[in-house]
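Using the numbering used here, read the sequence shown as starting at 1 and increasing by one per residue.
List time: in silico DSSO-like cross-link candidates among lysine-lysine, alpha-carbon distance up to 30 Å:
no.	residue 1	residue 2
1	LYS388	LYS245
2	LYS180	LYS220
3	LYS121	LYS97
4	LYS266	LYS388
5	LYS121	LYS67
6	LYS81	LYS121
7	LYS220	LYS388
8	LYS339	LYS260
9	LYS245	LYS220
10	LYS260	LYS245
11	LYS81	LYS97
Calculated directly from the structure, the hints in this document are not laboratory data. Given the structure is predicted, the values throughout are model-derived calculations rather than measurements.
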Amino acid sequence: MIVAGSYRRRRDTVGDLDVLMVARDGSAAGDKLAKYENVANVLAHGPTRTTVVLRSGLQVDLRVVPKVSYGAALMYFTGSKAHNIALRGFANDHDWKLNEYGLFADERRIAGATEEEISRKLGLAMIPPEMREDRGEIALARTGQLPRLISLADIRGDLHVHSNWSDGTAPIAEMASAAKARGYAYMALTDHSQHVTIAHGLDATRLARQIDEIDQLNEKLAGFTVLKGAEVDILADGSLDLPDKILARLDLVVASVHYKFDLSRKAQTERIMSAMDNRHVSIIAHPTGRLIGERDAYDVDMEAVIAAAHERGCHLELNADPDRLDLNDINVHAAKAGKVKVAISTDAHSTGGFANMRFGIDQARRGWLEADNVINTLPLARLQKLLKR
Numbered sequence: 001m002i003v004a005g006s007y008r009r010r011r012d013t014v015g016d017l018d019v020l021m022v023a024r025d026g027s028a029a030g031d032k033l034a035k036y037e038n039v040a041n042v043l044a045h046g047p048t049r050t051t052v053v054l055r056s057g058l059q060v061d062l063r064v065v066p067k068v069s070y071g072a073a074l075m076y077f078t079g080s081k082a083h084n085i086a087l088r089g090f091a092n093d094h095d096w097k098l099n100e101y102g103l104f105a106d107e108r109r110i111a112g113a114t115e116e117e118i119s120r121k122l123g124l125a126m127i128p129p130e131m132r133e134d135r136g137e138i139a140l141a142r143t144g145q146l147p148r149l150i151s152l153a154d155i156r157g158d159l160h161v162h163s164n165w166s167d168g169t170a171p172i173a174e175m176a177s178a179a180k181a182r183g184y185a186y187m188a189l190t191d192h193s194q195h196v197t198i199a200h201g202l203d204a205t206r207l208a209r210q211i212d213e214i215d216q217l218n219e220k221l222a223g224f225t226v227l228k229g230a231e232v233d234i235l236a237d238g239s240l241d242l243p244d245k246i247l248a249r250l251d252l253v254v255a256s257v258h259y260k261f262d263l264s265r266k267a268q269t270e271r272i273m274s275a276m277d278n279r280h281v282s283i284i285a286h287p288t289g290r291l292i293g294e295r296d297a298y299d300v301d302m303e304a305v306i307a308a309a310h311e312r313g314c315h316l317e318l319n320a321d322p323d324r325l326d327l328n329d330i331n332v333h334a335a336k337a338g339k340v341k342v343a344i345s346t347d348a349h350s351t352g353g354f355a356n357m358r359f360g361i362d363q364a365r366r367g368w369l370e371a372d373n374v375i376n377t378l379p380l381a382r383l384q385k386l387l388k389r
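With these hints in hand, go ahead and build the complete structure from the sequences.
Here it is in structure tokens:
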């Protein structure tokens with residue numbers, strides 16, 4: 001059994017769940033779903049399909065298929081509508097028919113049991129589910145030029161982390177220990193700057209004390225480094241919330257917008273570009289400011305921001321917090337096309353927050369990122385060199 005659809009493509013939000021399974025008795029499988037304690041309403045129930053609505057309001061479609069059609073059904077129910085139309089057109093070019101039951105030459109099924117079998121027959125490399133959106137992936141699969149998408153195992157550290165010095169819940173040492181336990185070689189401590197008063201942001205004096213504490217902690221750590229950083233507010237005029245004198249003591253500065261979301265497109269874009277003019281700024285955090293289901297992205301020209309980042313040697317964050325996932329997949333792809341490297345960071349405010357890295361990886365894969373496109377896949381020495389502008 002597998003969940004297909006937009007969930008398998010790792011969309012940042014899903015409208016429903018498409019569950020696919022092979023079973024001898026589809027009615028029995030449907031019975032189990034229909035009797036699930038969290039089902040509020042059964043919309044359909046038959047030998048091949050059962051549809052329910054959960055108490056949460058989420059619709060779940062269970063489809064039962066024969067083993068010989070499993071791969072075809074998985075392809076059909078995973079790809080976006082546009083991808084599926086393009087793939088069927090590709091099969092038609094070979095005088096074959098592709099549908100959820102298999103790949104057919106006239107009435108004879110020539111493939112269908114697995115996605116790999118169908119791909120081989122079509123002469124295509126296996127397209128990762130996250131790429132099945134009809135954005136050119138079929139042409140790349142045809143010529144063997146699909147990217148080797150980044151995986152969670154490629155990540156060597158987290159570059160946006162908070163502690164109880166600002167609005168985090170754990171001391172720096174505990175955050176470092178949790179990051180090290182995940183197999184990381186480094187972590188950047190980036191507590192808020194003073195403008196975010198609600199988060200108990202740091203002024204220059206407190207940040208100087210924190211820098212000293214990190215230096216002392218690094219002397220005790222073996223095989224792990226805490227990078228000295230800060231999440232510094234970009235003020236409305238594009239200047240930074242802390243003076244250059246203290247920023248110069250940091251390994252990296254993560255700059256972000258936390259207020260004045262309603263500026264005009266021109267003003268918001270210029271604000272972010274002005275922040276990147278500061279040579280201490282390494283990364284622009286959650287660049288569009290969206291909170292999924294709560295706040296839309298502010299109006300900003302991401303094409304101009306990406307071009308400015310490339311020109312200045314700055315990097316953009318893909319914030320892995322599932323409430324943000326900012327950059328979105330389209331902007332991630334644009335950053336790659338614009339030769340701007342990305343930092344996939346969790347914005348962790350607790351030790352459990354590090355687990356959100358997987359959501360950032362999903363988003364990165366939807367944007368076609370490879371390990372070389374992401375700065376926190378680098379070993380520490382190379383990363384430190386890259387962060388110096």
